[in-house]
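Q: For reference, the chains in residue letters:
Number of protein chains: 2
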Amino acid sequence: MSLIIQKFGGDALGDKGKGRQSDEADLSGASLHVEKFRHVAEIARATQEKGHQVVVVVSAMGDTTNRLLRMANALSPTPPARELDMLMSTGEQQSIALLAIAIEALGGRSMSFTGPQVGIRTDSVFGKSRIQEIACDALKKAIDDGFIPIVAGFQGLTEEGEITTLGRGGSDITAVALAAALDAKMCEFYKDVDGIFTTDPRVCRGARKIDRISYDEMLELASLGAGVLHSRSVEFAKNYNIPLHVRSFLHDGEGTYVIPEEPAMEDIVVSGVAFNRDEAKITFQGVPDRPGIAAEIFHEIGSAGIIVDMIVQSSAYDGSNDVSFTVGKSDFQRAVDLAQKMNEDLGARKIVTDESICKVSAVGVGMRSHSNVASKMFKALAEAGINIQMISTSEIKISVVIAENELDRAVQTIHEAFAEDREFATMEEKTS
Amino acid sequence: MSLIIQKFGGDALGDKGKGRQSDEADLSGASLHVEKFRHVAEIARATQEKGHQVVVVVSAMGDTTNRLLRMANALSPTPPARELDMLMSTGEQQSIALLAIAIEALGGRSMSFTGPQVGIRTDSVFGKSRIQEIACDALKKAIDDGFIPIVAGFQGLTEEGEITTLGRGGSDITAVALAAALDAKMCEFYKDVDGIFTTDPRVCRGARKIDRISYDEMLELASLGAGVLHSRSVEFAKNYNIPLHVRSFLHDGEGTYVIPEEPAMEDIVVSGVAFNRDEAKITFQGVPDRPGIAAEIFHEIGSAGIIVDMIVQSSAYDGSNDVSFTVGKSDFQRAVDLAQKMNEDLGARKIVTDESICKVSAVGVGMRSHSNVASKMFKALAEAGINIQMISTSEIKISVVIAENELDRAVQTIHEAFAEDREFATMEEKTS
Numbered sequence: 001m002s003l004i005i006q007k008f009g010g011d012a013l014g015d016k017g018k019g020r021q022s023d024e025a026d027l028s029g030a031s032l033h034v035e036k037f038r039h040v041a042e043i044a045r046a047t048q049e050k051g052h053q054v055v056v057v058v059s060a061m062g063d064t065t066n067r068l069l070r071m072a073n074a075l076s077p078t079p080p081a082r083e084l085d086m087l088m089s090t091g092e093q094q095s096i097a098l099l100a101i102a103i104e105a106l107g108g109r110s111m112s113f114t115g116p117q118v119g120i121r122t123d124s125v126f127g128k129s130r131i132q133e134i135a136c137d138a139l140k141k142a143i144d145d146g147f148i149p150i151v152a153g154f155q156g157l158t159e160e161g162e163i164t165t166l167g168r169g170g171s172d173i174t175a176v177a178l179a180a181a182l183d184a185k186m187c188e189f190y191k192d193v194d195g196i197f198t199t200d201p202r203v204c205r206g207a208r209k210i211d212r213i214s215y216d217e218m219l220e221l222a223s224l225g226a227g228v229l230h231s232r233s234v235e236f237a238k239n240y241n242i243p244l245h246v247r248s249f250l251h252d253g254e255g256t257y258v259i260p261e262e263p264a265m266e267d268i269v270v271s272g273v274a275f276n277r278d279e280a281k282i283t284f285q286g287v288p289d290r291p292g293i294a295a296e297i298f299h300e301i302g303s304a305g306i307i308v309d310m311i312v313q314s315s316a317y318d319g320s321n322d323v324s325f326t327v328g329k330s331d332f333q334r335a336v337d338l339a340q341k342m343n344e345d346l347g348a349r350k351i352v353t354d355e356s357i358c359k360v361s362a363v364g365v366g367m368r369s370h371s372n373v374a375s376k377m378f379k380a381l382a383e384a385g386i387n388i389q390m391i392s393t394s395e396i397k398i399s400v401v402i403a404e405n406e407l408d409r410a411v412q413t414i415h416e417a418f419a420e421d422r423e424f425a426t427m428e429e430k431t432s
Numbered sequence: 433m434s435l436i437i438q439k440f441g442g443d444a445l446g447d448k449g450k451g452r453q454s455d456e457a458d459l460s461g462a463s464l465h466v467e468k469f470r471h472v473a474e475i476a477r478a479t480q481e482k483g484h485q486v487v488v489v490v491s492a493m494g495d496t497t498n499r500l501l502r503m504a505n506a507l508s509p510t511p512p513a514r515e516l517d518m519l520m521s522t523g524e525q526q527s528i529a530l531l532a533i534a535i536e537a538l539g540g541r542s543m544s545f546t547g548p549q550v551g552i553r554t555d556s557v558f559g560k561s562r563i564q565e566i567a568c569d570a571l572k573k574a575i576d577d578g579f580i581p582i583v584a585g586f587q588g589l590t591e592e593g594e595i596t597t598l599g600r601g602g603s604d605i606t607a608v609a610l611a612a613a614l615d616a617k618m619c620e621f622y623k624d625v626d627g628i629f630t631t632d633p634r635v636c637r638g639a640r641k642i643d644r645i646s647y648d649e650m651l652e653l654a655s656l657g658a659g660v661l662h663s664r665s666v667e668f669a670k671n672y673n674i675p676l677h678v679r680s681f682l683h684d685g686e687g688t689y690v691i692p693e694e695p696a697m698e699d700i701v702v703s704g705v706a707f708n709r710d711e712a713k714i715t716f717q718g719v720p721d722r723p724g725i726a727a728e729i730f731h732e733i734g735s736a737g738i739i740v741d742m743i744v745q746s747s748a749y750d751g752s753n754d755v756s757f758t759v760g761k762s763d764f765q766r767a768v769d770l771a772q773k774m775n776e777d778l779g780a781r782k783i784v785t786d787e788s789i790c791k792v793s794a795v796g797v798g799m800r801s802h803s804n805v806a807s808k809m810f811k812a813l814a815e816a817g818i819n820i821q822m823i824s825t826s827e828i829k830i831s832v833v834i835a836e837n838e839l840d841r842a843v844q845t846i847h848e849a850f851a852e853d854r855e856f857a858t859m860e861e862k863t864s
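Chains as they are written, first to last, in our numbering: chain A, 1 to 432; chain B, 433 to 864.
Read the hints as simulated data drawn from the structure, not as lab findings. Be aware that a few hints might be false.
Claimed, not checked - The calculated lysine-lysine pairs, modelled on BS3-like cross-linking and capped at a C-alpha distance of 30 Å, are: (1) A/K50 x A/K140; (2) A/K185 x A/K128; (3) A/K141 x B/K573; (4) A/K140 x B/K560; (5) A/K50 x A/K238; (6) A/K238 x A/K185; (7) B/K572 x A/K128; (8) A/K128 x B/K573; (9) B/K670 x B/K782; (10) A/K329 x A/K341; (11) A/K140 x A/K209; (12) B/K573 x B/K641.
Extracted from the complex, chain A is given alone in its bound form (with noise of 0.2 Å):
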């Protein structure tokens, strides 16, 4: 017998938008999370009468975490760390009990477990702590004995009994954890989306569903901000080998594989289209040219707590430099401020800004074994008069920094440049 997770997010529970801007919820609210609840609980039990031992991991309702936070943030500016993880771990308490109830009334036998009741040890940092350890006994108990175990994704306890939560994608990080340390066979993910796509479908028609993909090619892909999965579950799933399948929660057929890389994969020289329109740059130019320089920058920037996402450097014909990078649009600001203080020591001559330009990237283990990728990514660009005003490369990913108005018809350019890949045409035919 195999074991599988299955991991269902708040929206797999509850609207996520219904409620959140009104409050309005409940009577109509908590008949919605109730047929939620007890169609979580007929895919749990259906994999369970296919012959599988199955663990669930969940997250809060979709709502019950934004108001939560709307209470504390009321009460106080700066509410402690502490007391918010207190707070927020409820609403995955309230989860798993629901969900075992919803299972047990199918005549299937469930049980519910904390973080804390499992075993997941953190560290200490409140808001955003990592897990050290997870003690299975009680799961491992609970999984022969022929329970389908629910357990609380996202909080786990510290060595001295505090109750922490695992910050972003906390809940996704919980499951493969705990698939890492089950042994478990595959980690499923339960979505509102079909699987991981090429690029995003509202913003390219030609957008496809990928069947396979590489921890890698995720990773750079989530790291762009193609959402669906967390980099830090990805990251940990690479570690320890877990394979991971991105599903939808609304039909039965099969999702994306995030699998460890396969020779065939390298057939695709890009697997995805990603983008990131949060973006925003800040440029020294004629910086006077001496060691440590971009490290003086960059200690100062990192130290404010601002995180730099592309940075260039370019020699000018005087000897001296320019230092382009860019920021997230809400640091921008800040970081701006940052740059004209840096600059009475620095003697750049000048600093320019520009808030208006995106990030668009092509990604795919393909890279590695085929030539000229970049220079087909940016001939297509040019053709399309779109100017490229930075450019990062990976081993496996290719990113331009461009107006952002020109982003739309960038990820189709890019994403039809790549489309007579092999991947794309069977893509195609699986999913007319």
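Mind docking chain B on chain A? Use the hints.
A: Coordinates of chain B only, in the frame set by chain A:
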């Protein structure tokens, strides 16, 4: 420095009525909750600033428990008790975190504790467990460090690590148990009423707040349905000699102290008049007189999980007996069916039933030292033309069963009959 335990119920943290039916809850509900949490935080802080050490015990927000229970019941007609406890305990956990945040926002130092974190060990009876042990080390340390610890009422942990709840009145019990374990000077219950009243002001305009009442009197009043404090917590307080103070969260005035009996209390013959509309009567008429009949009847009824309140047996002229007893109205039909089935063996002449009855009781430790209390009460009722159907007495209580539609008049009559007591006069002065 003396330690005070302050307990705030769901009505202090949110409006029980609001949102219960329509469940429109949130934006209005959430901001209402925020106001209430702030108010509770101010009470705790003010107490600390007067030089006391403070530990706060809280229930779930007024509407949370009902909302969760409704979802559980929508999922299953018989949700497993273990999962219900898992679900219900989240309500208190939300309250403790929010209150700790509110106190910190006021500049205080606070820290929340779940029942398990405090070390409240219970037995394994889900839904109505009993506290077996409290290990207060973590709490004591927090108190010594100047924090206001906020403890989740109603919940505990079994030795096996299962989350349990204490059942009805559970948060009150947590508060009193902590007061005992921490050797507190006082345990305060903040309510939406001014204290304990001589009777229900809605039924009798002459009702007055009681200043001081003994544990035993309070126990009788509580068991008679006078609400406010649950008997289990009063029993606990009596056993450990913890003074209780039932007071309003709406103003600073003194409420009612529930304390060990004092000599002066005996001067007051009747401290309170309680009543219970939830009674129905069943009579076996002409039961053949043989030993063990009563044992037989009430063993059967008790085995069916039906709680019997009053029992009266009288001998008839022919050597047969009449056996009357009362049960809660919700158990009435089951009890009647059972009585009819039993009567195939018992051979009573007739079974007579009456659903339109109620019970009115006078309570006071003064009864022990004053004669003719019962006759004074019966005489007053007779003069008012109210017929007594059953009588039951204890050392400090006289209860009568009468027709339900005479309840209000009976309460007023008895309340007036004993109003000349010194205590009533004193209180009238104080509260006017």
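Q: Does each hint hold? Answer for all of them.
A: Taking the hints in turn, this is what the structure says about them:
1. A/K50 x A/K140: OK: A/K50 and A/K140 at ~20 Å, within 30 Å.
2. A/K185 x A/K128: Given pair A/K185, A/K128 holds - Cα atoms ~28 Å apart, limit 30 Å.
3. A/K141 x B/K573: violated (36 Å)
4. A/K140 x B/K560: holds (28 Å)
5. A/K50 x A/K238: holds (27 Å)
6. A/K238 x A/K185: holds (14 Å)
7. B/K572 x A/K128: Within the cut-off at roughly 28 Å; holds.
8. A/K128 x B/K573: holds (26 Å)
9. B/K670 x B/K782: Given pair B/K670, B/K782 is violated - Cα atoms ~44 Å apart, limit 30 Å.
10. A/K329 x A/K341: holds (19 Å)
11. A/K140 x A/K209: Between A/K140 and A/K209 the Cα gap is close to 35 Å, so the pair fails against 30 Å, i.e. violated.
12. B/K573 x B/K641: Outside the cut-off at roughly 38 Å; violated.
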